[in-house]
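Asks: Sequence:
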Amino acid sequence: MYQEIGPNARRHPLDRRANDYLSVLAVERGLSQNTISAYRRDLGGYLAFLGEQDPSPGMVDGFLASLHEEGMRSTTIARKLAAVRGFHRFLVGEGLSDEDPTRFTETPRTRMGLPKALDVDETIRLVEAPPGDTNLGKRDRAMLETLYGAAVRVSELVELDLPEVDLDTRTAIVRGKGNKQRMVPLGRPAVAAIRTYLPVRLQLCRSREDPGAVFLNARGARLTRQGVFGIVRKHALRVGIPASRISPHVLRHSAATHMVEGGADLRTVQEILGHASVSTTQVYTRMSLQHLHEVYVEAHPRALR
Numbered sequence: 040m041y042q043e044i045g046p047n048a049r050r051h052p053l054d055r056r057a058n059d060y061l062s063v064l065a066v067e068r069g070l071s072q073n074t075i076s077a078y079r080r081d082l083g084g085y086l087a088f089l090g091e092q093d094p095s096p097g098m099v100d101g102f103l104a105s106l107h108e109e110g111m112r113s114t115t116i117a118r119k120l121a122a123v124r125g126f127h128r129f130l131v132g133e134g135l136s137d138e139d140p141t142r143f144t145e146t147p148r149t150r151m152g153l154p155k156a157l158d159v160d161e162t163i164r165l166v167e168a169p170p171g172d173t174n175l176g177k178r179d180r181a182m183l184e185t186l187y188g189a190a191v192r193v194s195e196l197v198e199l200d201l202p203e204v205d206l207d208t209r210t211a212i213v214r215g216k217g218n219k220q221r222m223v224p225l226g227r228p229a230v231a232a233i234r235t236y237l238p239v240r241l242q243l244c245r246s247r248e249d250p251g252a253v254f255l256n257a258r259g260a261r262l263t264r265q266g267v268f269g270i271v272r273k274h275a276l277r278v279g280i281p282a283s284r285i286s287p288h289v290l291r292h293s294a295a296t297h298m299v300e301g302g303a304d305l306r307t308v309q310e311i312l313g314h315a316s317v318s319t320t321q322v323y324t325r326m327s328l329q330h331l332h333e334v335y336v337e338a339h340p341r342a343l344r
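Residue numbering for the sequence shown follows this note's numbering, beginning at 40 and increasing consecutively.
Hints were generated in silico from the structure; no laboratory data involved.
Just so we're clear, the structure is a prediction, and the values are computed from it rather than from any experiment.
Mixed in with the good hints there might be a few duds.
Stated by the list, open to error - Within a straight-line C-alpha distance of at most 20 angstroms, the following computed EDC-like cross-link-like pairs (lysine to aspartate or glutamate) qualify:
{"#": "1", "residue 1": "Lys273", "residue 2": "Asp160"}
{"#": "2", "residue 1": "Lys273", "residue 2": "Glu138"}
{"#": "3", "residue 1": "Lys219", "residue 2": "Asp205"}
{"#": "4", "residue 1": "Lys216", "residue 2": "Asp200"}
{"#": "5", "residue 1": "Lys273", "residue 2": "Asp93"}
{"#": "6", "residue 1": "Lys216", "residue 2": "Glu310"}
{"#": "7", "residue 1": "Lys273", "residue 2": "Asp158"}
{"#": "8", "residue 1": "Lys273", "residue 2": "Asp205"}
{"#": "9", "residue 1": "Lys219", "residue 2": "Asp93"}
{"#": "10", "residue 1": "Lys273", "residue 2": "Asp172"}
{"#": "11", "residue 1": "Lys216", "residue 2": "Glu109"}
{"#": "12", "residue 1": "Lys273", "residue 2": "Glu91"}
Please construct the entire structure, taking both the sequences and the accompanying hints into account.
Replies: Here is the structure:
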């Protein structure tokens, strides 16, 4: 991850302004060097997430969601948001920007809850949303089927390389937290979608050296996390799912929830998700119980009497 704003770092149009902001914090507010270094790392990660995109409320939300997906504590996420918010307020105050995209962003509470899972019908509509008659539509369908079918993290998806996918055995080897590898199953729809996408992939990387990644962007380079966020939200909006309810991690939560609701045992779900402890996976049991209660209330004639 991009950790530093400096001459040797990947540049973003706001890099110079970020350095100006850090100088103000150091000189005018007298913050310690350790605090400045922390702000430098936080802003560096934010600008890296933006990539070539302009700041917007949606991009800020996507950045926070990506931090949550990495398993960061809400206190850490709140600190990073404070750095980003302070930076945008600085830009507005200096007349360098007209709007603050963090204006209506809520600070994470002490404990962030899991995002609400999509129901099965919503999820199927989403993964089937990409058009099948375009190259990028075929890629997007394969990507969404893999995200949901294998319940992988977005970081695991973008790091997935061709040799790690075995379509004959319908499995993939992904690298999770701590660079730990695990094998995940690929459903038949995901395998079919990937087979359809592979000829497209060859066309995408024809004009440059093959990066080896399964999923490529329109320029033939490895798809980025922010690219995946944009693709997921684009197709969600097409089928009527608001951006506030969707992210790549929501698809992972949905897959886990649907497996538990379908009767999968926690140990199996733990292995598929790559959780170090089954206690982390147990949250889906609580979510499943909530689902059972909702179904009971809706369906049982004595539920509300």
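Asks: Hint by hint, which ones does this structure get wrong, listed from lowest number up?
Replies: Violated: hints 2, 8 and 9.
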